[in-house]
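Engineer: Sequence:
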Amino acid sequence: MYVVKRNGTKEHFDLNKIAIAMHKAYLGVGIELSVEECLKQALKITKGYPKDQEVNIEKIQDDVELFLMESKQYEAAKAFIKYRERQRNERDHPWADNDDRQNLIMSKYLMKGETKKDFIKRIAFGKSALEKIFRKKEAIFGGRNLYAIGRDGNITGSNCYVTEDPQDNLESIYRVDYQIARTYSYGGGQGMNLSKIRPKGAKVNNSSNTTPGVMVFAEKYSHTTLNTQQDQRRGALMLVMNIDHPDIIDFITTKLDLNKINGANISIALTDDFMKAVETDSKWTMKFETPYELIEKTVGARDLLGLIGYAAHTMGDPGVIFINHMNDYHFLSEYPEVKFTATNPCGEQPLMAHGSCNLGSINLNAFVKNPFTDKAEYDWERFDHVVSEMIAALDD
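Residue numbering for the sequence shown follows the numbering used here, beginning at 867 and increasing consecutively.
Be a bit skeptical, because a hint or two may be false.
[What the hints assert, rightly or not] Pairwise CB distance ranges, derived in the manner of DEER restraints: (1) 1162 to 1257: 43 to 49 angstroms; (2) 1212 to 1245: 41 to 47 angstroms; (3) 1193 to 1122: 28 to 34 angstroms; (4) 1188 to 1149: 16 to 22 angstroms; (5) 1220 to 1158: 27 to 33 angstroms; (6) 1219 to 1093: 34 to 40 angstroms; (7) 1160 to 1036: 50 to 56 angstroms.
[Said to hold, decoys possible] List of simulated lysine to aspartate or glutamate pairs, EDC-like, C-alpha gap at most 16 angstroms: (8) 890 to 902; (9) 1066 to 1043; (10) 948 to 924; (11) 1149 to 1159; (12) 1062 to 1159; (13) 998 to 1250; (14) 1066 to 1034; (15) 876 to 918; (16) 910 to 951; (17) 871 to 936; (18) 1142 to 1169; (19) 982 to 997; (20) 1205 to 1194; (21) 890 to 1245; (22) 1149 to 1162; (23) 993 to 1194; (24) 1069 to 1018; (25) 1153 to 1110; (26) 1002 to 1162.
The set of hints was computed from the structure by calculation and includes no laboratory data.
Don't be surprised by glycine CBs; every beta carbon is placed ideally from N, CA and C.
All chains, please: the whole structure from these sequences, using the hints.
Structural biologist: Written out as structure tokens, the structure is:
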């Protein structure tokens, strides 16, 4: 037997779903009837259904309502009617108009002439399971997905990228600047590692004689991020520097000056060797070798870690990345040529050069049954289903 849903799709008849809906109705009026007992009642309700035909979902719910009324379980019937009404409102009027936060989302991501109901259908690729997840506010895609799915034009559907690390030459440094600007213009964010650029004061083979150092180019990338927009949204950037780079102290403390690096998050790539030096209270040497010289600076490892902590506590930056751990525990870690050097702008996703990621969020509150009561419990089965659906959708 198949059940015909409201959108015209069909699925195999599942008696358990009827029993669970009745169980919820009973709980809503304080009646503790087990799912097993509800299953027996569901069998009575559906015993006359033809096994080789289709049945409409509305008929099933009408029959449940009628059974409760004829059984003189009026309070449970009332609860079931209210449950149906809530479900109907959720389908017909998703994301209520009086929610300012949701209205803000709608103003940013709706296409011209699109209703909220149309919006949910569009971002769900027409899949009923995803539509239900979005209507119930159990999960949602990241902003780029919400904006780009189903649209035409030069826009990206991925949230974040990591570009190639700028090398120690002007051609590479400015090529990367162009790449991040182009990515921002399509709506994506970027991450990179700056550690291959020679430090301040190093000799160069041009009229300058010495280089201004990494921070000049970090500031340039920050300005590019601030100045390049896609539909009124500026870019997002993560700048990473290795803990053994001679310019690392300038990098750690840069945001203590409110006028510097306003267009990027910054993170320090900490190594196992550095953390061992901290444990043993040893000295730490930062070094950079060029064709002309070897530049070295030595400080106390604990002093350096303390400086990171002070700057992070004072200004919220820098963050830290445990770079060895990040490279030892990923799906391709057995291949030495596959190395991560940076993350996406928010720091949650390490990526290879030119890699991208799609983001999504799970609303954990949505899976609490009977919240704020003694009967509160977590719906792990529904949670597992939503996580699986979201992973598959983001992979698509």
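Engineer: Which of the numbered hints above does this structure break?
Structural biologist: Numbers 2, 6, 7, 9, 11, 16, 17, 23, 24 and 26, in rising order.
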